[in-house]
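Chemist: Residue numbers (this note's numbering), protein chains in the order written: chain S, 1 to 311; chain R, 1 to 311; chain U, 1 to 311; chain V, 1 to 311.
The list that follows gives simulated cross-link-like pairs (lysine-lysine, DSS-like), each with its CA atoms no further than 25 Å apart:
1. K306(V) / K235(V)
2. K290(S) / K235(V)
3. K179(S) / K120(R)
4. K306(U) / K235(R)
5. K179(R) / K290(U)
6. K290(R) / K120(V)
7. K306(S) / K306(V)
8. K306(R) / K235(U)
9. K120(V) / K120(U)
10. K120(V) / K179(U)
11. K235(V) / K306(S)
12. K290(U) / K235(R)
13. K290(U) / K120(S)
14. K130(S) / K120(S)
15. K235(S) / K306(V)
16. K290(S) / K120(U)
17. K235(U) / K179(U)
18. K120(S) / K179(R)
19. K306(U) / K306(R)
20. K120(S) / K120(R)
21. K290(S) / K179(V)
22. K179(S) / K235(S)
23. K120(V) / K130(V)
24. K290(V) / K120(R)
25. K290(V) / K235(S)
Cβ-Cβ distance ranges computed for the label pairs, FRET-style:
26. G237(S) / R273(V): 28 to 38 Å
27. P113(U) / D164(V): 30 to 40 Å
28. S185(R) / N178(S): 29 to 39 Å
Everything labelled a hint here was simulated from the structure, so no lab data went into it.
Since the model is a prediction, treat every value here as computed from it, not as a measurement.
Think of the CB as a built atom: it goes at the ideal place given N, C-alpha and C, for glycine as much as any other residue.
Number of protein chains: 4
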Amino acid sequence: MNQRIDRHSAGVFIIAATPFSSDGALDLDSTDRMVDFYLDCGVTGMTILGIMGEAPKLSGEESAQFARHVLDRVAGRVPVVVGVSGAGLDNMARLSHSVMDAGAAGVMVAPMPGLGTEVKLQGYFAQVCKALGPDVPVCVQDYPQTTGVQFSVETILQLTRDHDQIVMLKHEDWPGLNKLSRVRSESGTSDTPRLSILTGNAALFLPQELARGADGAMTGFAYPEMLVQVVDRHKSGDVDGAEDLFDAYLPMVRYEQQLGIGLAIRKEILHRRGVLAAPKVRAPGPSMTKADHEELTRLMNRLDRKLAALG
Amino acid sequence: MNQRIDRHSAGVFIIAATPFSSDGALDLDSTDRMVDFYLDCGVTGMTILGIMGEAPKLSGEESAQFARHVLDRVAGRVPVVVGVSGAGLDNMARLSHSVMDAGAAGVMVAPMPGLGTEVKLQGYFAQVCKALGPDVPVCVQDYPQTTGVQFSVETILQLTRDHDQIVMLKHEDWPGLNKLSRVRSESGTSDTPRLSILTGNAALFLPQELARGADGAMTGFAYPEMLVQVVDRHKSGDVDGAEDLFDAYLPMVRYEQQLGIGLAIRKEILHRRGVLAAPKVRAPGPSMTKADHEELTRLMNRLDRKLAALG
Amino acid sequence: MNQRIDRHSAGVFIIAATPFSSDGALDLDSTDRMVDFYLDCGVTGMTILGIMGEAPKLSGEESAQFARHVLDRVAGRVPVVVGVSGAGLDNMARLSHSVMDAGAAGVMVAPMPGLGTEVKLQGYFAQVCKALGPDVPVCVQDYPQTTGVQFSVETILQLTRDHDQIVMLKHEDWPGLNKLSRVRSESGTSDTPRLSILTGNAALFLPQELARGADGAMTGFAYPEMLVQVVDRHKSGDVDGAEDLFDAYLPMVRYEQQLGIGLAIRKEILHRRGVLAAPKVRAPGPSMTKADHEELTRLMNRLDRKLAALG
Amino acid sequence: MNQRIDRHSAGVFIIAATPFSSDGALDLDSTDRMVDFYLDCGVTGMTILGIMGEAPKLSGEESAQFARHVLDRVAGRVPVVVGVSGAGLDNMARLSHSVMDAGAAGVMVAPMPGLGTEVKLQGYFAQVCKALGPDVPVCVQDYPQTTGVQFSVETILQLTRDHDQIVMLKHEDWPGLNKLSRVRSESGTSDTPRLSILTGNAALFLPQELARGADGAMTGFAYPEMLVQVVDRHKSGDVDGAEDLFDAYLPMVRYEQQLGIGLAIRKEILHRRGVLAAPKVRAPGPSMTKADHEELTRLMNRLDRKLAALG
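Make the full structure from the sequences, and use the hints.
Modeler: Here is the structure:
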């Protein structure tokens, strides 16, 4: 019996990389190591096949295989959300049912590009919910930088009123702090069910987002232990301690957050930390130059010194 | 006492070119000739300084000068709408009041780029209406191809309910026939005031738009007499005759409708027809090649033959 | 031994719909009928799984099944190009090799979104050609309205100089008549190999494009016989006759060319003409209103009358 | 005799705010105070009427008035660059000549939207240089997030080879560290004249950019003294000290860098620091909520503590 995400899901749902070996094949050994690493870091959930990951570069078979492999390795210890965004609702429903049967906790759906009015957006999610059926919990991904689609607060609240299964918001509008404040204060009221809010955008504003009522983070930083500790400290009331720790990592957060190249950096760090056998990104994709490697080394060293100074 | 646009404005509001002499200066003699030409064609209104015109290439002084000159020449015979879209509301209000004082019938406002939710759109037009004051009638321009901003039918209806001064819609969403049908049938009801709907998009669908309830056209075709006759015939019940005439011009409508180069073609035709002294487009802007000129000649000749055959 | 597209491919490559039955399943009976219909119309080639078709809504298995089915039915009588554009080069190569083995004549590749400089574009096509291997002929699709990626003439010419396998351009930049003229005159020279140029954009400018040197059309009009006859008449020197016929169909060309809804219209016409059992478009997708149906009926009747009048 | 920017310009060119009083009028007293403040911070230059400032909300008269006022107050002590980007080349030339006559050091030009190929980009800057005449030094602004126009390294190098007056690059492509490295290493060679490179993007990567060869920064941080000290320390060889100082400010750099709201935050900080009489942003524009104000207070306090700890 697998866990499901719900309106109170909280903590750190790490966005998992998709490990490849140097020749580009799915690397399932590294996948096992990565899952264990994330769990050892204390994450409370995992998200795979995300929109900015390499899901579109996997074949249908590879996606299903990777999802099943991760779900088997996790074995119900934490909930696993699976990204299923795509052009056709039939494919989306098929993948969703397959991963839910295999133990997923819910699916994440970003709107397809071109939904330029809120009326269209609401129509789209009505179609999605109908295609998935009511038993599949949905995390709505609000990520206009990539999708080009903007959600108003009003639309987000309407979606959660209209659809019992829409239980979570992956918040990565940018800038979006006031949006987060409003969704927090205007959901969980008498007429609008609470939404779990997990924040993305590489955690660049995590302390601010927690102060404004986020339930945690859903993002892909290569030092998941920072995300976990910041969320834990904040929750326990040590708001300044949380932010002090965050600020020590901020130069690296900023560095990983670079669109495109950020994925290569993240995989390189996971490789250097012994998690991934190879930092391989599938073509077409970014790669790091010699200058990037030296810069990263320097930033990793500076991070070590800062953490040592923090004690 | 100048005419104002209102919720029943109808007919053909021709989008006027801004004539320049070969050296790029405003050409006020050609402006006079153009105004007379449009009036001779039987237009029921005129729109100047439109979004796809060359308004952004005029200095503030030139815009004011051109608007005053046209308004003087028209001398109240038909209503003149002035495009005032721009980045700042102070400038928009200043220009609007200046042209209304000089006899304009209303202003046309397109949303600024980046208004990606309907909530933002409605907030923007509330700001616009406040800045303009209640005495300035507004034509809302729905032109997503250029602005990147999409209006839902619901937003259009809400705007006209919320603001007495929003009386007209320049409809050029594309494709947009069903949108037009809905705005027509859902405005003019007990709770939603009627909107005048004039269609743009170079009139590519004018017969269909009239059949769906448009009040006329607001566009910039170089043969305004066609627009006038099609609207008149349609209104008098000769629906097939209207469409037969339209179809004869359709190859040219399609040709002028080309984004960018279409402006050069339109000015060239007005030049060949003796209206503009020069077909000059200000830099940076499109220009016609030798092949374009020959193609246009051929299309003009074919049009003449078709009109002769129609009788 | 299957035909391959080459630098002299010409005529009409019809963009094929993907037929679905009312419940959304692939409809292979209608597929057979559609292939026969296209061949009866005299097309010289066929293109399947195109970028604006419903290819992204097919699963990997369905794409492969549909392609094999069409290729079997065509049985080498005309060359078949297969659209293989997508996010990952591994998937693209896999699909390409599979359809080439099954008898395809070449593949069509549109650049992925975000290739905002010509240097990136050239790098992308170098990666594509390497991934496909030299034995797969490539048609480059220049379609900025959908991809957001613009090709200069210089880049197109460089691509064909750099890659022997890039033999065809699907020209649908818009407006693009001068671009077409330049590619025609600047390829097929001593240092730049000739490119076959087939035009898209629903054939809205077909007579002009043929006059400027296009080798034919690659588009999806529901009356393929018009495309075939216009190209044939033009080639035989009857330039005015070609354009007269085209102009009779132009109201319908314009009507089908509407983005989004155009696909539903095209399928509805093919349904009315007895080709498709159902006009089904997969979700999410456009559908026709009652007003659309009546409008289409009217336009089809007007077309019949015009063709009768042409004799 | 005013200073001109040249290929070796370096240091910190602060992007100046445009001060308004609470009623929205230009606030020239605050302008004086702001100019003095910037000079006291040790900036080596100033940039006014920038693309992300409020220049589009000024009337032509206000722009000219503000530019003259700043130039008078600066009185030649540091070079002042004036943003002149806009839709028409006539207006651009007029404003450029006016400010150069008043003592500006050069102008900054961003490409207009829609220049989707490098060929078009090069054509545009050729037109710009011709319109300005050879005596106006130009800083090219590479800012794709706002303009939608991408420059390749090759295009940047070509521009500086083709136009003697293009002497400076405002680098704010994102992410863009490798681009910066390449422009640095591939200009200043035997065939490509050196380009001064100043970086933007709110200085989020300033230490990395200096390490990769940037000559300094051209951005709008509300603590210009940090930018000045970081550049100075880096230049003097204290690379780690520069980065330590930068990292102390990084939470604030990140906070100000938020698109849209960042302008309100920047003006609020300048207001709190006693520079601007009012934090007014012209409509339509962002404003800060109560939560934003509290958050900012907290971040400013944390910054004070960090600076105290640094000693």
